[in-house]
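Student: Using the hints, put the two standalone chains together into the complex.
Chains A and B are the protein sequences, given in the same order.
Oh and the first sequence: position 207 is 207 in our numbering, straight run, nothing missing.
Oh and the second sequence: position 4 is 593 in our numbering, straight run, nothing missing.
Heads up, a few of these hints could be off.
Said to hold, decoys possible - Facing chain A, according to a computed beta carbon distance under 10 Å, are these residues of chain B, among others:
| no. | residue |
| --- | --- |
| 1 | N613 |
| 2 | A614 |
| 3 | R649 |
| 4 | V680 |
Calculated from the structure, these hints are not laboratory results.
Positions of the beta carbon are idealized from the N, C-alpha and C atoms, including for glycine.
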Amino acid sequence: MSNVVVKVGVASCGLAAGAGDVFSRVQEYISEQKLDISLVKTACIGMCFEEPIVALSGMDAGTIIMGKVTADSIIESLDDYLAGNPIRQRVILAEKGDAIHNELLANQKRIVLRNCGVINPESLPDYEATGGYTALRIALEMEREDIITTIKDSGLRGRGGAGFSTGMKWGFAFNAVGDKKYVVCNADEGDPGAFMDRSVLEGDPHSILEGMAIGAFAMGADEGYIYCRAEYPLAIKHLKIAIADAEQKGYLGNNILGTDFSFDLHIKEGAGAFVCGEETALMASIEGKRGMPTIRPPFPAESGLWGKPTNINNVETWANISWIINNGADAYKQYGTEKSTGTKVFALAGKIKNSGLIEVPMGVTIRDVIYKVGGGMKTELPFKAVQLGGPSGGCIPEALLDTIVDYDSINKTGAIMGSGGMVVMDQGTCMVDVARFFLNFTQNESCGKCTFCRIGTRRMLEILTNITEGKGKLEDITTLEQLATNIIKGSLCGLGQTAPNPVLTTLKYFRDEYLAHIEEKRCPAGVCTSLLRYEIDPEKCIGCTACARKCPVNCISGSVKQVHNIDQDLCIKCGACYSTCKFGAVKKG
Amino acid sequence: MDSANNAARSFNKVIEILDRYDRNASKIIPILQSVQEEYRYLPQEVLTFVATSLNVSPARLYGVATFYSHFSLEPKGKHILKMCDGTACHVRGSSAVIDALRDKLGLSAKKITTDDMLFTFETVSCLGACGLAPVLVVDEAIHGQVTPEVALQLLDEIVQKEQQHA
Chain A
1 MSNVVVKVGV ASCGLAAGAG DVFSRVQEYI SEQKLDISLV KTACIGMCFE EPIVALSGMD
61 AGTIIMGKVT ADSIIESLDD YLAGNPIRQR VILAEKGDAI HNELLANQKR IVLRNCGVIN
121 PESLPDYEAT GGYTALRIAL EMEREDIITT IKDSGLRGRG GAGFSTGMKW GFAFNAVGDK
181 KYVVCNADEG DPGAFMDRSV LEGDPHSILE GMAIGAFAMG ADEGYIYCRA EYPLAIKHLK
241 IAIADAEQKG YLGNNILGTD FSFDLHIKEG AGAFVCGEET ALMASIEGKR GMPTIRPPFP
301 AESGLWGKPT NINNVETWAN ISWIINNGAD AYKQYGTEKS TGTKVFALAG KIKNSGLIEV
361 PMGVTIRDVI YKVGGGMKTE LPFKAVQLGG PSGGCIPEAL LDTIVDYDSI NKTGAIMGSG
421 GMVVMDQGTC MVDVARFFLN FTQNESCGKC TFCRIGTRRM LEILTNITEG KGKLEDITTL
481 EQLATNIIKG SLCGLGQTAP NPVLTTLKYF RDEYLAHIEE KRCPAGVCTS LLRYEIDPEK
541 CIGCTACARK CPVNCISGSV KQVHNIDQDL CIKCGACYST CKFGAVKKG
Chain B
590 MDSANNAARS FNKVIEILDR YDRNASKIIP ILQSVQEEYR YLPQEVLTFV ATSLNVSPAR
650 LYGVATFYSH FSLEPKGKHI LKMCDGTACH VRGSSAVIDA LRDKLGLSAK KITTDDMLFT
710 FETVSCLGAC GLAPVLVVDE AIHGQVTPEV ALQLLDEIVQ KEQQHA
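For reference, chain B alone in the conformation it holds in the complex (with noise of 0.2 Å):
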C-alpha cells in the first residue's frame, strides 16, 4: 500500500512538472530535465507516462532521451564523481586520475555506477575550467588541479561520512 501511494505521489509530481510546461512537446528537452533532477535518472514507467500525456509516441521522446548525454535511463549513484577529460585536462594528467578512480571503485568506462550504489563515476568533455585542468567535481564541488591521491583522498573523505551517518 505504501508502495502504490509513493507511486501516486511521484507522478504528482511529473503532472506538475507537465503542466508547468503547458504539456508542449518542443519542451521535451527541459521537461525531461526536470523529471530526472526529481528520480535522478529517467524510469522507464515515467516517460511512457510523459509520451502519452504530451501525445508523442515513445519512440520520440526515447529517441531524445537516449540522444543527449546527459538524460539517463539507469540510476545513478548517490554521489556522483565528473572527471573533467577536456584538452586541457587530458594533456595535464586527467587519465591518471580517470584509472585511480576506476580502479579504486571497481567501475569502467561501461560500468559507471558502483553495485552498493553509492558512487557513479562518468567522464565529461570539458567544464571549461581549462586553467586549473585537470579538474574534477565532486558533486557540486569543483577541484582544481586534481592528482590521484588528492581523487583518491576525496572519495575517502565520502566514505567515511556515509559510514560515520551509517
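Here chain A stands alone, though its shape is the one from the complex (with noise of 0.2 Å):
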C-alpha cells in the first residue's frame, strides 16, 4: 500500500458543513479507481470557517491541507496531489510551501489540542504512535506524591474557569483518609458559545483518559467517571470506543500495565442541565439525583461521591496531564506568565473572521487573540467588545484589549478566564440585549435553591427586558446593581454568584447605551425591535411600491411615484421594507 493518506475531518462541526458527503464522495472514488491509498478519518483541527477540511499526505508535496472541501473538488485535488500537480483548490495549510492559513498556527502553542485534527479518534494505535501511554508509564514507576510535586510544580491552574490549582486539588484528595476514592471529568461544557472541551472529546478522547488514570493512581482512586453533556453525541461516541479499546489493552481495568493498580472508568450522560458544570451538582446528578449544589465544606475531596472522597477536573485540564508527566514541569512552565503557567485553549466565535479553536500560551494580549490568531472582523462594522467566560462572564470593551491572557488580569476587567469561550461582538449587537440574553439564560438554568439566584436572576431579567422594550426607569439601574450585590453574595453556587457579571460589565463598560435605551428610547444598535422604527426618506423614495406590496400588515400609504408612507402605529418592525428596497430609502433607527 502507498503511503498516501486522505483525511477527513468529522467532528460536529465538519458534519454540519458536508464533511459526510466529502468522505463518502473519496470511498466512491478510491473503491471505482482501485486506489491504493489510505482514507481515514479525523477530527477537528480547529478552523471550524474553513469546514470541511481534508488532508493529504504521503507524497513529496508534504502534507496539504485544504479547506471548503466539496465532494466534487476533492476529486479534482486528489488526482492534483497523486500526479504530483500543483493543487489548484484552496490550500489553507501546507507543510512544504506557502498556504492561505500557515501563519495562524505559528502563533499558537497546542499542547491540549496537539492530536486534534491530526490523528485518527477512533483509533488506539493512532494515539499510541504519538508518544500516547507513554506518561502513564512512566507515572506507575513514579512515587505517588512526586506525581502531585510534578502537577503543582508545572503551576496548572483548573481550566474550567475558576483557576485554582490542580496540584493542590490533588494533595487534598491525596490525604484524604478513605478507602474508596473517585476521579471525575467534567465534561458537562455547557456555557453557550464554547466547544473547547467538545472538540478534545471528539478529537482525542485518550488523552482524557490517560489524565484520568495517572490522577487515579496519583490520588489512590481506583474508580472514574466522565460526566459529559448530552448534546455532545459525537463526543460520547468516540469516548465509549477509547474506553473499550483501552480496557482491551491494559490500559484500564484491572492490574494495569501489569501493575496492582486497577481504575475503572464509567461515562456518566447528562440530561440537560447548567447548573451540572458546577462540582457539587454533577455529583448529585450522577448519583441520580436533581442536580442540586451543596454548601461547601465539605468539599468533594473530604466527601463527595457517595460520601467518598473525590477530585473532579475539567476537560481540559485532563488533557494537560499526560504531557506535563512527559516533558515536565519546567517544560510545561516556560510556556505562559509566572502566576498563569501553559496554554489555553479558546473557542472563537461570533462576529470574528476565522471562528473555531485555538491554542495560545498565557500572557498574550486579548488583541493578538481576535486579530492575529482569529484574523479579526469578520463585518464590516467595527469591533464593540468581546465576552469571555459566558454567562459567569463579561464583556470586554476595545479599551481593555491590551489585557493579557492570565487569570488575575482577566478578572481585573470584571469578566473572567472562564472556560474558554470569546464572542466577538461588533457594533451592530446590542450590549443590553446581550446582558438580557444570559440573564435569560441563568434564569433558566438557575436550580432554585437559592432565594437570590432563584428570584432576583429573574427580577432582573424582568427589568433588562423592560429596559428592552423601552419601559426601562433610571432608577432601574440602580436596582440593578443592587440585585446584582445581592444574589452574588446570597448565592451557594458559581452559577448564582456569578450570574450579574453580564450585566454588571455591560453596565460598567457600555452605560451610555443603557442610558439611550432608558432617557432616549432609542437602542443604538438596532437590535431591540421594540425601540427600532422604520422610515421612508422622502428624498430617497421614488415611489416604486416595492416596500408596501412586501408589507404584511399593509400599513406603508402611497401609490406609484409619490413619496411613501409608513403608519407607526400599525408598523410591527418586521424589516421586510428595509431590505425590500433598492433605493436605501427606508431608514432604521
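Tutor: In C-alpha cells, the structure reads:
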C-alpha cells in the first residue's frame, strides 16, 4: 500500500458543513479507481470557518490541508496531488510552501489540542504512535507524591474557569482518608459559545483517559466518571470506543500494565442542566438525583460521590496531564506567565473571521488573540466588545483589549477567564440585549435552591426586558446594581455568584447604551425591535411601491411615483420594507 | 384487546430497561433516558411503574424528570427541530430564524408541538458548533449558517415528504 493518506475532518462542525458527503465521495472514488491509498477520519483541527477540511499526505509535496472542500473539488485535488501537480483548490495549510493560514498556526502553541485533527480519534494505535500512554507508564513507575508534586510545580490551574491549582486539589484528595476514592472528569460544557471540551473529547479522547488514569493512580482512586453533556453525541461515541479499546489493551481496568493498580472508568450522560457543571451538583446528578449544589465544606476531596473522597477536574485540565508528565513541570512553565502557566484553549465565535478553536500560551494579549490568530472582524462594522466566560463572564471593551490572557488580569476587568469561550461582537450588537440574553439563560438554569439566585435573576431579567422594550426607568440601573450585589452574596454556587457579571460589566463599560434605551428610548445598535423605527426618506423614495407590496400588515401608504409613508402605529417592525427597498430609502433607527 | 396487548408489550420494554440498569436507583437518569428513547417522552403510568420498581417515591422520580430539560412529560412531534440560541448563534441572528419557524408552525416558547403532532420546535442553549452559527438541527442532521429562508425551506421539504407518504 502506498503512503498516501486522505484525512477528512468529521467532527460535529465538519459534519454540519458537509464533511460526510466529502468522505463518501472519496470512498467511492477510491473503490471505482482501485486507488492504493488510505482514507481515514479525523476530528477538528480548530478551523471551523474552513470546514469541511481535508488533509492529503504521503507524496513529495508533503502534507497539504484544504478548506471549504466539496464532494467535487476533493476529487480534482486528489488527482492533482497524486500526479504531483500543484493543488488548484483552496490550500489552507501546507507543510512545504505557502498556504493561506500557515501563520495562524505559527502564533499558537498546541498542548491540549496536539492531536486534534491530526490523529484518528477512533484509533488507539494512532494515539500510541504520537507517544500516547507513555506518560501513564512513566507515572506508574513514580512515587505517587512525586506525581502530585510535578503537577503542583507545573503551575497548572483548573481550566474549568475557577483557576484553582490542580496540584493542590490533587493533594487534598491524596491526603483524604478513605478506602474508596473517585476521580471525575467534568465534561458538562454548558457555557453557550464554548466548545473546547467537545473538540478535545471528539478529537483526542485517549488523552483524557490517560490523564484520568494518572490522576487516579496518584490520588489512590480506583473508579472514575466522565460526566458528558448529552448534546455531544459524537464525543460520547468516541469516548465509549476509547474506553473499550483502552480496557482491552490494559490501560484501564484491572491490573493496569501489569501493576496492582486498577481503575474503572464510566461515562455518565447529562440530561440538560447547566448547573451540573458545578461540582457538587454534578455529583448529585451522577448519584441519580436532581442536580442541585450543596454547601461546601465539606469539599468533594473529603466527601464527594457517595460520601467518598472525590477529585473533579475539567476536560482541558485532564488533557494537560500526560504532556506534563512526559515533558516535566519546567517545560510546561516555560509557557505562560508566572501565575498562569501553560496554554489556554479558546473557542472563537461571533463576528470574528476565523471562528474556531485556538490554543495560545498564557500571557498573550486579547487583542493578539482576536486580530493575529482570529483574523479580526468578519463584518464591516467595527469591533465593540468581546465576551469572555459565558454567562459567568463579562464583556470587555476595545480599551481593554491589551489585557493579557491570565486568570488574574482578566478577573480585574470584571470578566473571568472562564472555560474559554470568546464571542466577538461588533457595533451591530446591542449590549443591553446581550446582558438580557445571559440573564435569560441563568434565570432558566438556576436550580432554585437559593432565593436570590432564583428570584433575583428573574427580577433582573424583567428589568432588562423592560429596558429593551423602552419601558425602562433611570432608577432601574440602581436596582440592577443592588440586586447584582445581593445575588453574588446570597448564592451558594458559582452559577448564582457569577450570574450578574454580564450585567455588571456591560453597565460598567457600556452605560451609555443603557441610558440611550432608558432616556431616549433608542437602541443604538438597532437590535431591540420594540425601539426600532422604520421611516421612509422622502428624498430617496421614488414611489416604486415595492415596500408597500411586501409589508405584511399593509401599513405603508402611497401610490405609484409618490413618496410612501409608514404608519408607525400599525408597523410591526419586521424589517421587510428595509430589506426590500433597493434605493436605501427605508431608514432604520 | 389489541391495546391491552400493546400496553403489556410496552411495559415489557420498561422491564427490560430496568433490568439493564440492575433496578439501581442511582441509575435513575440513564433509566429515564432509555424510557424516553423508547416512548419519545415520559408517560405518567410508566413513571409510576418505574418508581415502584426502583422502590423510590413517585415524587422523587417526578423531581428528577422535571429538573432536567431533556426529559419531557408531554409527547413530542414526529420531527424535532432544535434551534441553537447560544451566544454565538444569538449574535449571528438566531432570533430571526426562531421567530420565522414559530410563526410558520404556529408555535411559541410555551407551545412547542404542533397540533397534528408532526413538529416539535425547541431552542437549545449551545450545541458547540459555534463556528457555523447559527445552527439548526433537523431531526439528526446539523445545518450551519441558517437563515430564516433556509430554515423555512428545510421545513417545506419535510412537509412535502410527509404529504407524499400520506
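Student: Does each hint fit the structure? Answer for all of them.
Tutor: Hint check:
1. Hint status for B:N613: holds, given a least beta-carbon distance of 8 Å to chain A, under 10 Å.
2. Taken as an interface hint, B:A614 checks out: its beta carbon lies about 6 Å from the nearest beta carbon of chain A, inside 10 Å.
3. Annotation: B:R649 was flagged as interfacial toward chain A, and the flag holds, the nearest CB pair being 8 Å apart, inside 10 Å.
4. At a threshold of 10 Å, the smallest CB-CB gap from B:V680 to chain A is about 5 Å, leaving the interface hint in force.
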